[in-house]
Amino acid sequence: MSSSNWTLAFLSQLNNTSLSIVTSPINQKSSSEKWQINSSHWHEFSRLAIEQQLRWVSGWAEHKDAQFIVNACFEKAGIYILLRTQISVDNPELPSQASVYPAANRSERHTQDMFGIRFIGHTDNRRWTRHQAWDKYSYPLRKDFSVDGEPEAITPADKDYPFIKAQGAGVYEIPVGPVHAGIIEPGHFRFLAVGELILNLEERLGYVHKGIEKIAEGRSPESLARLAGRISGDTTVGHTWAACMAMEQAATIEIPLRAALIRGVLAERERIANHLGDMGAICNDVAFVFAQMQFTRLREDWLRSNVLVFGHRLLMDIIVPGGVKIDLSADSVTVIKKDITRLKKELSEIMPIIDLNSSLEDRLYTAGYLSPEIAAAFGTLGYVGRASDQDYDVRRDAAYFPYDQVEFKVALENQGDIASRFWVRYKEIQSSLKLIDQFINQLSDGDILTEWQVPQQDSEGLGIVEGWRGEITSFVRFDTDNKIARFYPRDPSIINWPALEKLTLNNIVPDFPVCNKSVNGSYSGNDL
Amino acid sequence: MLKLLLKTLKTGIATERCKTPKDNELETLGIEIKRYIDKKFSGSIAIRQVDAGSCNGCELEIHALNNPYYDIERFGIHFVASPRHADVLLVTGPVSRHMQTALLRTYESTPDPKWVIAVGDCATCGGEFGVSYASCGAVSNVIPVDMTIAGCPPTPIALMKGLLGLINLPKGNV
Numbered sequence: 001m002s003s004s005n006w007t008l009a010f011l012s013q014l015n016n017t018s019l020s021i022v023t024s025p026i027n028q029k030s031s032s033e034k035w036q037i038n039s040s041h042w043h044e045f046s047r048l049a050i051e052q053q054l055r056w057v058s059g060w061a062e063h064k065d066a067q068f069i070v071n072a073c074f075e076k077a078g079i080y081i082l083l084r085t086q087i088s089v090d091n092p093e094l095p096s097q098a099s100v101y102p103a104a105n106r107s108e109r110h111t112q113d114m115f116g117i118r119f120i121g122h123t124d125n126r127r128w129t130r131h132q133a134w135d136k137y138s139y140p141l142r143k144d145f146s147v148d149g150e151p152e153a154i155t156p157a158d159k160d161y162p163f164i165k166a167q168g169a170g171v172y173e174i175p176v177g178p179v180h181a182g183i184i185e186p187g188h189f190r191f192l193a194v195g196e197l198i199l200n201l202e203e204r205l206g207y208v209h210k211g212i213e214k215i216a217e218g219r220s221p222e223s224l225a226r227l228a229g230r231i232s233g234d235t236t237v238g239h240t241w242a243a244c245m246a247m248e249q250a251a252t253i254e255i256p257l258r259a260a261l262i263r264g265v266l267a268e269r270e271r272i273a274n275h276l277g278d279m280g281a282i283c284n285d286v287a288f289v290f291a292q293m294q295f296t297r298l299r300e301d302w303l304r305s306n307v308l309v310f311g312h313r314l315l316m317d318i319i320v321p322g323g324v325k326i327d328l329s330a331d332s333v334t335v336i337k338k339d340i341t342r343l344k345k346e347l348s349e350i351m352p353i354i355d356l357n358s359s360l361e362d363r364l365y366t367a368g369y370l371s372p373e374i375a376a377a378f379g380t381l382g383y384v385g386r387a388s389d390q391d392y393d394v395r396r397d398a399a400y401f402p403y404d405q406v407e408f409k410v411a412l413e414n415q416g417d418i419a420s421r422f423w424v425r426y427k428e429i430q431s432s433l434k435l436i437d438q439f440i441n442q443l444s445d446g447d448i449l450t451e452w453q454v455p456q457q458d459s460e461g462l463g464i465v466e467g468w469r470g471e472i473t474s475f476v477r478f479d480t481d482n483k484i485a486r487f488y489p490r491d492p493s494i495i496n497w498p499a500l501e502k503l504t505l506n507n508i509v510p511d512f513p514v515c516n517k518s519v520n521g522s523y524s525g526n527d528l
Numbered sequence: 001m002l003k004l005l006l007k008t009l010k011t012g013i014a015t016e017r018c019k020t021p022k023d024n025e026l027e028t029l030g031i032e033i034k035r036y037i038d039k040k041f042s043g044s045i046a047i048r049q050v051d052a053g054s055c056n057g058c059e060l061e062i063h064a065l066n067n068p069y070y071d072i073e074r075f076g077i078h079f080v081a082s083p084r085h086a087d088v089l090l091v092t093g094p095v096s097r098h099m100q101t102a103l104l105r106t107y108e109s110t111p112d113p114k115w116v117i118a119v120g121d122c123a124t125c126g127g128e129f130g131v132s133y134a135s136c137g138a139v140s141n142v143i144p145v146d147m148t149i150a151g152c153p154p155t156p157i158a159l160m161k162g163l164l165g166l167i168n169l170p171k172g173n174v
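Those protein sequence lines, which keep their order, are chains Y and H.
One point on numbering: in the numbering used here, the residue at position 42 of the first sequence is 42, and numbering is uninterrupted.
One point on numbering: in the numbering used here, the residue at position 123 of the second sequence is 123, and numbering is uninterrupted.
Just so you know, the hints here were simulated from the structure itself, not pulled from any lab data.
Certain hints may be false.
What the hints assert, rightly or not - List time: in silico DSS-like cross-link candidates among lysine-lysine, alpha-carbon distance up to 25 Å:
1) H:Lys114 - H:Lys39
2) Y:Lys29 - Y:Lys344
3) H:Lys10 - Y:Lys344
4) H:Lys7 - Y:Lys344
5) Y:Lys337 - H:Lys10
6) Y:Lys136 - Y:Lys159
7) H:Lys7 - Y:Lys345
8) Y:Lys434 - Y:Lys337
9) Y:Lys29 - Y:Lys76
10) Y:Lys143 - Y:Lys34
11) Y:Lys76 - Y:Lys143
12) Y:Lys434 - Y:Lys143
13) Y:Lys427 - Y:Lys338
14) H:Lys10 - Y:Lys345
15) Y:Lys338 - Y:Lys434
16) Y:Lys64 - Y:Lys143
17) H:Lys7 - Y:Lys337
18) Y:Lys338 - H:Lys39
19) H:Lys114 - H:Lys7
20) Y:Lys434 - Y:Lys409
21) Y:Lys483 - Y:Lys34
22) Y:Lys483 - Y:Lys345
23) Y:Lys338 - H:Lys161
24) Y:Lys29 - Y:Lys483
25) Y:Lys409 - Y:Lys337
26) Y:Lys345 - H:Lys3
27) Y:Lys427 - H:Lys3
28) Y:Lys344 - Y:Lys434
29) Y:Lys76 - Y:Lys34
30) Y:Lys344 - H:Lys3
31) Y:Lys165 - Y:Lys136
32) Y:Lys427 - Y:Lys337
33) H:Lys40 - H:Lys7
34) H:Lys114 - H:Lys10
35) Y:Lys483 - Y:Lys434
36) H:Lys40 - Y:Lys427
Note that the structure is predicted; figures quoted are calculated from it, not measured.
All chains, full assembly: derive it from the sequences and hints.
Below you can see the structure in the form of structure tokens.
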């Protein structure tokens, strides 16, 4: 069946069950469609969608005059659809999709906290993003809520969050965070344990909520690109690309081939830098310091080349709306080529040592097991999904410019344990090196920036890219005068954090750090 | 095991020395830090890093201080797991309102004498995020700051320079 057939078949099925859908393109450039639906059918749609094995991708709302526009994005076989409905601000209720799709759980709670929309039938209506910085009956993303809010001089701790409890002989709680022992981001983990065994883990995030969605409103395209580059510092290329892709769709401009290839180089360099860091850190968490030292050394070499070629270690602010800011000189290409050869050689020496190490085998195999079924149920993304047999990669399955110009293999493992997540990263580094090679070989003379065109009022775009953690979706709507009306970036961490709760079950508490590292969710990208 | 030892030998010492002309700045800085730390802190200074709302960019570069190239521990500067063990708080991020109390408590838990370094543009002036319903902006809006290290994010070299700046700072209670 050709990939677009499922949408036609599904639409006719929906019409037969009297769910009327009005379809329209999101914009002239995007291949995704917008499906308008009556709000009363919101839940029913999700029930039929899961039967057809659509994946729930992302959800967000917008406030426009006396209405809320509510959006949910779905995917199957690389085709995305954007489901949309309108509800009145006076009675903001919508039947929940989270009762069908667990991936929608926290997203709906976020929308509940930020807009005051009630999701009827949601199995868990506790607050999520809101702690104590604004009160229960204020909703920061409504247009009548000022960006300054009315915060107290000192925002109190969120001490009364109703965590899941367990009772019984020998069951105890371990609260961890928000300030952790290492150099990592803040978040709270609540363990229920018996002896060393983890009975349950509950994540409480939202500590680094910085109001990114709110402060995006009214920005210029350049300014939004800068902000997107700081949603999660390790994914600055991924998020900036996704946001720029969305804005470029809205502006109906096409970036030059040379710019697309350079974006590809940037994205793959970011993926490799992060994977190197993670692979070292996973080994370090089970006390194999040799690997940590080797991988941090390789990462540092890699970042120093980033400075030589692009002028920034983490590659911030190089992707801009319409293209890229920095061109690749002949010298830069030489540096990049040398990097590829060198890293391949280093890894060919280090990986056999890791492969043969029995203490790593002992600690990483079977630990932190995520079954393919649970990974599928949560729509788990990126290397976490691919280590549990979820064969999806935006670069291949919904290929965007320049990934539609090249061929590469998507890494896949099916063991679902920490070792799988480690080895998937290694395979991804190998693929990325080949991709970078193809990109620079295809470079031909040309512009690196397309002239910007002011998008029409209300025009929208949906950028979808494969960041190093997995699929990133970025929604942008423009207001008048080139200003942003709404920005919603969905980091893959938002989808993957719940998988961590599942894969830690039945592990021992001392293995939690390495379980966490093997997933390496972004706190900042989750909290926004 | 043999392969491991061979690779270790082959890699040699990655840590950068004075002789390397390109990064000689690093060694000079480090030695100055060490002289001061030896004098004032009996050869060691303990840093507790606190992410108070950062995008994680600064954390990545703080991490790099521990890689074999910079190996900041050789100068007696080490990162500790609790503020109760710390001389210095290295704070990143605009302080999110949800982290405000946690940061205040961390500050109170750090024994005197203590110093606070605000790391990165966000911690220094609010950066891309500024002050809003969700963000308190600069770290100095929440706790007293002794010095700042700008950059988005600051490079490991800039971080080492910053530490030097802190310990040369005249401080009444030293």
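Against the structure, the hints:
1. H:Lys114 - H:Lys39: Status holds; Cα separation ~16 Å.
2. Y:Lys29 - Y:Lys344: violated, 38 Å
3. H:Lys10 - Y:Lys344: Given that 25 Å is the threshold and the Cα spacing comes to 16 Å, the pair holds.
4. H:Lys7 - Y:Lys344: Holds, at roughly 15 Å.
5. Y:Lys337 - H:Lys10: Given pair Y:Lys337, H:Lys10 holds - Cα atoms ~23 Å apart, limit 25 Å.
6. Y:Lys136 - Y:Lys159: holds, 15 Å
7. H:Lys7 - Y:Lys345: Judged against 25 Å, a Cα distance of about 12 Å means the pair holds.
8. Y:Lys434 - Y:Lys337: Roughly 11 Å separates the two Cα atoms, so the pair holds.
9. Y:Lys29 - Y:Lys76: holds, 20 Å
10. Y:Lys143 - Y:Lys34: holds, 24 Å
11. Y:Lys76 - Y:Lys143: Roughly 34 Å between the alpha carbons, so the hint for Y:Lys76 and Y:Lys143 is violated.
12. Y:Lys434 - Y:Lys143: Violated, at about 47 Å.
13. Y:Lys427 - Y:Lys338: Judged against 25 Å, a Cα distance of about 20 Å means the pair holds.
14. H:Lys10 - Y:Lys345: holds, 13 Å
15. Y:Lys338 - Y:Lys434: holds, 13 Å
16. Y:Lys64 - Y:Lys143: holds, 8 Å
17. H:Lys7 - Y:Lys337: Given pair H:Lys7, Y:Lys337 holds - Cα atoms ~23 Å apart, limit 25 Å.
18. Y:Lys338 - H:Lys39: violated, 45 Å
19. H:Lys114 - H:Lys7: violated, 41 Å
20. Y:Lys434 - Y:Lys409: Measuring from Cα to Cα gives roughly 10 Å; hence the hint holds.
21. Y:Lys483 - Y:Lys34: Judged against 25 Å, a Cα distance of about 22 Å means the pair holds.
22. Y:Lys483 - Y:Lys345: At roughly 48 Å apart (the allowed maximum being 25 Å), Y:Lys345 and Y:Lys483 break the hint.
23. Y:Lys338 - H:Lys161: violated, 31 Å
24. Y:Lys29 - Y:Lys483: Between Y:Lys29 and Y:Lys483 the Cα gap is close to 20 Å, so the pair holds against 25 Å.
25. Y:Lys409 - Y:Lys337: Status holds; Cα separation ~20 Å.
26. Y:Lys345 - H:Lys3: holds, 15 Å
27. Y:Lys427 - H:Lys3: holds, 21 Å
28. Y:Lys344 - Y:Lys434: holds, 10 Å
29. Y:Lys76 - Y:Lys34: holds, 15 Å
30. Y:Lys344 - H:Lys3: Given pair Y:Lys344, H:Lys3 holds - Cα atoms ~17 Å apart, limit 25 Å.
31. Y:Lys165 - Y:Lys136: Holds, at roughly 23 Å.
32. Y:Lys427 - Y:Lys337: Answer holds: Y:Lys427 to Y:Lys337 is near 19 Å, not above 25 Å.
33. H:Lys40 - H:Lys7: The hint is violated at about 39 Å.
34. H:Lys114 - H:Lys10: Judged against 25 Å, a Cα distance of about 42 Å means the pair is violated.
35. Y:Lys483 - Y:Lys434: violated, 39 Å
36. H:Lys40 - Y:Lys427: violated, 49 Å
Hints 2, 11, 12, 18, 19, 22, 23, 33, 34, 35 and 36 from the list above are not met by this structure, while the remaining hints are.
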